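Whole structure, please, built from the sequences with the hints as guidance.
Protein chains: 2
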Amino acid sequence: MGTASELQSLDKLVSNALSGQDLQEFNRIHYGRISNHELEIKKNNILFGNENHFEIAAYKFPANKEEIRKPRIVKAGVIQNSIAIPTDQPVTKQRCAIFEKIRKIIETAADEGVNILCLQEAWSMPFAFCTREKQPWCEFAESALDGPSTLFLKELAIKYGMIIISPILERDEVHGDTIWNTAVVINEMGKVIGKHRKNHIPRVGDFNESTYYFEGNTGHPVFETSFGKIAVNICYGRHHPLNWLMFGINGAEIVFNPSATVAGLSEHLWAVEARNAAIANSYFTCAINRVGTEKFPNEFTSGDGKTAHKEFGHFYGSSYITAPDGSRTPGLSRVKDGLLIAELDLNLCRQIKDKWGFGMTQRLDLYVNSLSKAVNHDFEPQVVPRD
Amino acid sequence: MGTASELQSLDKLVSNALSGQDLQEFNRIHYGRISNHELEIKKNNILFGNENHFEIAAYKFPANKEEIRKPRIVKAGVIQNSIAIPTDQPVTKQRCAIFEKIRKIIETAADEGVNILCLQEAWSMPFAFCTREKQPWCEFAESALDGPSTLFLKELAIKYGMIIISPILERDEVHGDTIWNTAVVINEMGKVIGKHRKNHIPRVGDFNESTYYFEGNTGHPVFETSFGKIAVNICYGRHHPLNWLMFGINGAEIVFNPSATVAGLSEHLWAVEARNAAIANSYFTCAINRVGTEKFPNEFTSGDGKTAHKEFGHFYGSSYITAPDGSRTPGLSRVKDGLLIAELDLNLCRQIKDKWGFGMTQRLDLYVNSLSKAVNHDFEPQVVPRD
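As you go down the protein sequences, you meet chains A and B in turn.
Numbering-wise (my numbering), the first sequence opens with residue 92 and increments by one.
Numbering-wise (my numbering), the second sequence opens with residue 92 and increments by one.
In short, the hints are calculated from the structure, not lab data.
It should be emphasised that the depicted structure is a prediction, and the values quoted were computed from it without experimental measurement.
One or more hints might be untrue.
Which copy is meant is left open, so a pair is good if it fits within one copy or across any two.
[Claimed, not checked] Derived SDA-like pairs: lysine to any residue, alpha-carbon spacing no greater than 20 Å straight-line:
#1 103 - 119
#2 282 - 224
#3 225 - 181
#4 446 - 302
#5 427 - 142
#6 446 - 396
#7 464 - 453
#8 427 - 354
#9 245 - 315
#10 184 - 299
#11 103 - 118
#12 156 - 395
#13 103 - 125
#14 103 - 114
See below:
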């Protein structure tokens, strides 16, 4: 799928080029820790991954011991993947093919003890919003409560006692068949405990997603689960610090960022934004991006002077996880399906809040006051004029 | 000053380890552009820098041509430096020694055509706030309008037609001799056009700065100048996305971030935060950090279990500049005084706003509503409870 010439991994490229003291310094300054704290992966799973063409990587984020609280160890997992069959195949067939690919990776995640798993944005379909064609793509939209994706994942959630976050194209039949970009949260008993709709919708380059759905109306919910307080910031929401902030204010300990974004548009921003959010809000962030190049049956244009084309660009994967202290894992491959696992001690969130004090020093009242002025039509910016 | 064993530059380490296509891919993904667009520096200045032990680096950030607006080219400069003589010398002597070192670098900046220059946080003194001793350090505090630092820089501002931002320890004699951490803005006619006081004060590790000064009371001023709209986010304010946001809302095109921060505390965050702010707010950011290790006459403690010590840790320099499109310069040295220059086309700010639309998609009214609830004592976070 057009990835033969793509670099496999920037992180590996740099790490392989360095050694000894140099590599240590790179790790310390770049990743925020000298050791990546790699976790061992079971041999049978590595073998299974190789057979099925997906990478597995696992790391650990320890926290200090406390006297009163016990460690709160959680295994978080994220999956990045390409689509499974060409986009001109029937909708149901395309979806089922993705299901079968994902089932194998989820089985592996379960065998590695993952407690909370998040899939990529609109995982059960090609990212067809670039086409601006309504059909057949709107046929992928499905009920959050009992659509095919939810039914498929519910079963696995129960089987493996795993919380699964499923970002889909949602069809809201209760409210006039409207379509939303939605993350469905299924708990380890297979119950849909809630959903979050994408708060910020891009209109950039090929990403004219407002053709299909509006800005979300579900606020910034944090889901209290057996494995910590979790939230979902969908894709383009990662460019908005206020979006990250509200999940933090509502108490999130892990914020997943299921995305679909391509090289040429955002790749140099990718390592910056979700990581900055983890730092600023003292929580874990899990940034997930799909992989591969998706080709569509009909040509579309970008409005950027390029000729009409059928390919959207290369989804560069590179999913990674950042801790509240700003240290991060290397990214998954730029070209290959992958499962990234991190063992988190959630106690680290409050430890870092105590250390850095960003909440205490935040002066939220000042900003509420300033921002409430800024939204007014007669707002006068605080500008010291030129003489 | 204890820097012999320190790595000179992470950026150079990695760039030197790569070549050809690999280096190109690293530059594209890491820096956000394949070429660093280096600007030539005059030979006499390189020689002068070598003689006086400071590095000079200069880069360009071009923008697209527009039909209606002409390019708005501005040369911004930042200076990072160590102190000049030991901290047990008389206050006036210490300050004058720094003046003489800085004068040479400003002369060079002028000869390279710099229009706006920003010095590091509390540039005219050692960063003595770790000691928690009031004297002699409070003697460094000076009037923003006509203290020694302002008088010194006014002269250079006039001589070179340069705007100079001077972050100092301010003594406000009008308001009860209070002390502030303040950036004074001197325009190219030598006039103090205003000042900004540090909005967020750290209480972390050795940084118990609230011993000396309070959170600033000057809001988020943007200074309209002959060379664009500029603002200053002082040091620890870079951890607060709301602080960056308000400067953007008030119209800043370049935000300087004069800092003083040490390895072991923040180095892995350094490349993330000011860069993220440039991306999120579609403006240029200039991150400045001092260099070297400062040794104080008396021991102090950190409250982190370490034994009492006289050294604060290594200020790791690494000053860098980011454009609104998220591309950035390599950092200056981790150990050496330096002058970093970037030729900016300020038109890039609005071009990137038009491209990405972060302002348009920001939903500020939603956040004003949510945050105004969050500041209340009876705030109830939006939490979906566990069954």
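Right, here's what the structure says about each hint:
In this assembly of identical chains, the alpha carbons of residue 103 and residue 119 lie at most 20 Å apart whether taken from the same copy (16 Å) or from different copies (16 Å). In the homo-oligomer, the alpha carbons of residue 282 and residue 224 never lie at most 20 Å apart, since the shortest distance is 33 Å inside one protomer and 59 Å across protomers. Within a single copy, residue 225 and residue 181 get their C-alpha atoms as close as 15 Å, which meets the 20 Å cut-off; across copies the closest is 75 Å, which misses it. In the homo-oligomer, the alpha carbons of residue 446 and residue 302 lie at most 20 Å apart only across protomers (17 Å), although the nearest pairing inside one protomer, at 45 Å, exceeds that limit.
When the C-alpha separation of residue 427 and residue 142 is checked against a cutoff of 20 Å, the pair qualifies only within one copy, where the shortest distance is 13 Å, while the shortest distance between copies is 51 Å. Taking identical chains as interchangeable, the C-alpha atoms of residue 446 and residue 396 lie at most 20 Å apart only when they sit on different chains, with a minimum of 14 Å there against 50 Å within one chain. For a Cα distance limit of 20 Å, the shortest separation of residue 464 from residue 453 qualifies both inside one copy, at 19 Å, and across copies, at 15 Å. In this assembly of identical chains, residue 427 and residue 354 lie within 20 Å of each other by CA distance solely inside one copy; the values are 15 Å within and 35 Å between copies.
Taking CA atoms no more than 20 Å apart as the test, residue 245 paired with residue 315 passes inside one copy only; the shortest distance there is 18 Å, against 57 Å between copies. In this assembly of identical chains, residue 184 and residue 299 lie within 20 Å of each other by CA distance neither inside one copy nor across copies; the values are 26 Å within and 61 Å between. When the C-alpha separation of residue 103 and residue 118 is checked against a cutoff of 20 Å, the pair qualifies both within a copy, at 12 Å, and between copies, at 15 Å. In this assembly of identical chains, residue 156 and residue 395 lie within 20 Å of each other by CA distance solely across copies; the values are 15 Å between and 54 Å within a copy.
In this assembly of identical chains, residue 103 and residue 125 lie within 20 Å of each other by CA distance both inside one copy and across copies; the values are 15 Å within and 19 Å between. When the C-alpha separation of residue 103 and residue 114 is checked against a cutoff of 20 Å, the pair qualifies both within a copy, at 12 Å, and between copies, at 13 Å.
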